[in-house]
Amino acid sequence: MTNFAQQVVSGVMAGSLYALLALAFVLVYRASGVINFSQGEMAMVTTYLAWVASQHMPYALAIVVMLAGSFVLGCLVFRVVISRFEGRSELQTFVAVIMLFLIFDSIGLALFGPDPREFKEPFRGHPLHVAGITIPIHDLYILASALVIVVGLYVLFQRTRLGLALRATATDRVAAELMGVPTQRMLTVGWGLAGAAGGMAGVLIAPVVTLTPGLMSAVLVAAVCALIIGGLESPGGAIIGGVLVGVIQNLVSTYLSGIVDFLHLPLEVTDANAYRDIATALVLLVVLLIRPAGLFGRSAVAKV
Amino acid sequence: MNQGGGTAAPILELQDVYAGYGRVPVLHGISLAVQPGEIVALLGANGAGKSTTLRVISRLLAHTSGSVTFDGADVARLTPAALVRAGLVHVPEGRRIFAGLTVEENLLVAGYTLASTRKARKRLAAVTDLFPILGARHNQTAGLLSGGEQQQLAIGRAMMLEPRVVLLDEPSLGLAPLVVESLADTITALNTDRGVAILLVEQDLALAERVAHRGYVLETGTIVSEGLADEVITDEAISQIYLGADRGAP
Numbered sequence: 001m002t003n004f005a006q007q008v009v010s011g012v013m014a015g016s017l018y019a020l021l022a023l024a025f026v027l028v029y030r031a032s033g034v035i036n037f038s039q040g041e042m043a044m045v046t047t048y049l050a051w052v053a054s055q056h057m058p059y060a061l062a063i064v065v066m067l068a069g070s071f072v073l074g075c076l077v078f079r080v081v082i083s084r085f086e087g088r089s090e091l092q093t094f095v096a097v098i099m100l101f102l103i104f105d106s107i108g109l110a111l112f113g114p115d116p117r118e119f120k121e122p123f124r125g126h127p128l129h130v131a132g133i134t135i136p137i138h139d140l141y142i143l144a145s146a147l148v149i150v151v152g153l154y155v156l157f158q159r160t161r162l163g164l165a166l167r168a169t170a171t172d173r174v175a176a177e178l179m180g181v182p183t184q185r186m187l188t189v190g191w192g193l194a195g196a197a198g199g200m201a202g203v204l205i206a207p208v209v210t211l212t213p214g215l216m217s218a219v220l221v222a223a224v225c226a227l228i229i230g231g232l233e234s235p236g237g238a239i240i241g242g243v244l245v246g247v248i249q250n251l252v253s254t255y256l257s258g259i260v261d262f263l264h265l266p267l268e269v270t271d272a273n274a275y276r277d278i279a280t281a282l283v284l285l286v287v288l289l290i291r292p293a294g295l296f297g298r299s300a301v302a303k304v
Numbered sequence: 001m002n003q004g005g006g007t008a009a010p011i012l013e014l015q016d017v018y019a020g021y022g023r024v025p026v027l028h029g030i031s032l033a034v035q036p037g038e039i040v041a042l043l044g045a046n047g048a049g050k051s052t053t054l055r056v057i058s059r060l061l062a063h064t065s066g067s068v069t070f071d072g073a074d075v076a077r078l079t080p081a082a083l084v085r086a087g088l089v090h091v092p093e094g095r096r097i098f099a100g101l102t103v104e105e106n107l108l109v110a111g112y113t114l115a116s117t118r119k120a121r122k123r124l125a126a127v128t129d130l131f132p133i134l135g136a137r138h139n140q141t142a143g144l145l146s147g148g149e150q151q152q153l154a155i156g157r158a159m160m161l162e163p164r165v166v167l168l169d170e171p172s173l174g175l176a177p178l179v180v181e182s183l184a185d186t187i188t189a190l191n192t193d194r195g196v197a198i199l200l201v202e203q204d205l206a207l208a209e210r211v212a213h214r215g216y217v218l219e220t221g222t223i224v225s226e227g228l229a230d231e232v233i234t235d236e237a238i239s240q241i242y243l244g245a246d247r248g249a250p
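Those protein sequences? They're chains A and B, same order as listed.
In case it helps, my numbering puts the first sequence at residues 1 to 304.
In case it helps, my numbering puts the second sequence at residues 1 to 250.
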């Protein structure tokens, strides 16, 4: 039972990472109706930026540089590429997004090579022990950072004039424009905020998996799964979806051999992670089949 | 009113405007003018180009030739949002309130264009004076309002911007007759009490005749008649608008 609780808690920690990236997806989707599959690769590039910066300055400052850099990158991607596809078919925009994925993926590889870089954990120390559950310091840091970003975005959207203008633009762009809101600028800001949230996910996962150009691939799959589970337009859904995926993944890899034995499957469990990704994909397929609008979404997943 | 060559310059003027969607032309050389403080009705059958005319004026649609001037300035250089800040506000067809936002948030969206929150709050108070129901329901989700209340919200939202000209597209659409009555009073009050000039697109000819000073009749993208409201809105015009142009007078 302690092991079960331990795995759930660890799953919540991993899930808060997925939630951050899924939140970035929701921000972009609500602003411009695009699912930005290159969000993870953008985060990978800005994580390298943070890594380079951290060689020259304190960690906290490097994070500020990364947040600014990924905000600007998000704005640029929208202004230079995505906004030009306005009014085009969804397939054309989808292809553009996939090309962006390839471009950012190659930029990471071209600039930094395939060798893993060590991105040190900013806070080190003895793990916490609570009621028989062990929580590494870095996991606490992940959770705290995710919370700060989520609360910060909530306050921005619900309590500021900019946030109200962003929500109005997301609801009805034409009506917002007719009310004097510079909607093109609002969409740009939405992409920028998404870039920053995704970038934070990159910096948080880097110490766990080491920094390579493939940094975000596993997180991306999990975040897309969280996004679909949560419904494309619901920030709360993305967060709950992310945490759910994290917990499911952890439980599957922990109890996999038990499940295989129980079902008398002719499988040899060598790599639990592979099964974990299969489990994620299966959950995603089942949700798509049973509840295509997601658990918290209003609109069907017609845009994928 | 300045009729036929008065001295005042029109606050809104279209000269020989052509526009369309893609390669489908909709407007074929429209010319019309709205004087300061005037209510002008733009009438015509479905598809005549009434909404397109409003969309051209508010820059949602670029015209292909001709000129649109607001307060003496060419609007072609402005974004829709910049035009709003200059004092021309378009209340679109179907009202398009922000359904998921509260009533107050709907009104405060306009506050984004204002320099200070205090200014926005002051205007909010002025608008809720004008439409008390919006004050009473300020915390309610706008999508839950009745049609008449949503129309008040749409007009109240425009008034947050203290416009000099309002484009009203089919404000009576989907409203009960009794509600249309009070809508007419509202439109008249905006005009007489606040001095707002209004270009009104309306299918409800009784409403148009009641509130408008002058009118234009649009037929497949061309203006076919213009004049004082009670001259334009005649039995002949009504049959033209509702039965089609080719039938002529009954």
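Any given hint might turn out to be false.
[Said to hold, decoys possible] Below 25 Å or equal to it, Euclidean Cα-Cα: the simulated SDA-like pairs (lysine to any residue) are:
| id | chain 1 | residue 1 | chain 2 | residue 2 |
| --- | --- | --- | --- | --- |
| 1 | B | K122 | A | Q158 |
| 2 | B | K119 | A | K120 |
| 3 | B | K119 | B | D193 |
| 4 | B | K119 | A | V12 |
| 5 | A | K120 | A | V12 |
| 6 | B | K119 | A | S253 |
| 7 | B | K122 | A | V12 |
| 8 | B | K119 | A | R185 |
These are calculated hints, taken from the structure and not from any lab test.
Because the structure is a prediction, the values reported are computed rather than measured.
Hints, verified against the model:
Annotation: proposed proximity of B:K122 to A:Q158 holds, straight-line Cα distance about 21 Å (limit 25 Å). Between the alpha carbons of B:K119 and A:K120 the distance comes to roughly 50 Å, so the proposed pair goes past 25 Å and is violated. Taken as a hint, the B:K119 and B:D193 pair is honoured in the structure, with Cα atoms around 21 Å apart against an allowance of 25 Å. This hinted pair does not check out: B:K119 and A:V12 have alpha carbons roughly 45 Å apart, beyond 25 Å.
A hinted pair counts as satisfied when its Cα atoms are at most 25 Å apart, and A:K120 with A:V12 qualifies at roughly 22 Å. Taking the CA atoms of B:K119 and A:S253, the gap is near 58 Å; set against the 25 Å cutoff, the hint is violated. At roughly 46 Å between alpha-carbon atoms, B:K122 and A:V12 are farther apart than 25 Å, so this suggested pair is violated. The suggested pairing of B:K119 with A:R185 holds, with an alpha-carbon distance near 23 Å, which does not exceed 25 Å.
Taken one by one, the earlier hints fail for this structure at numbers 2, 4, 6, 7, listed in ascending order.
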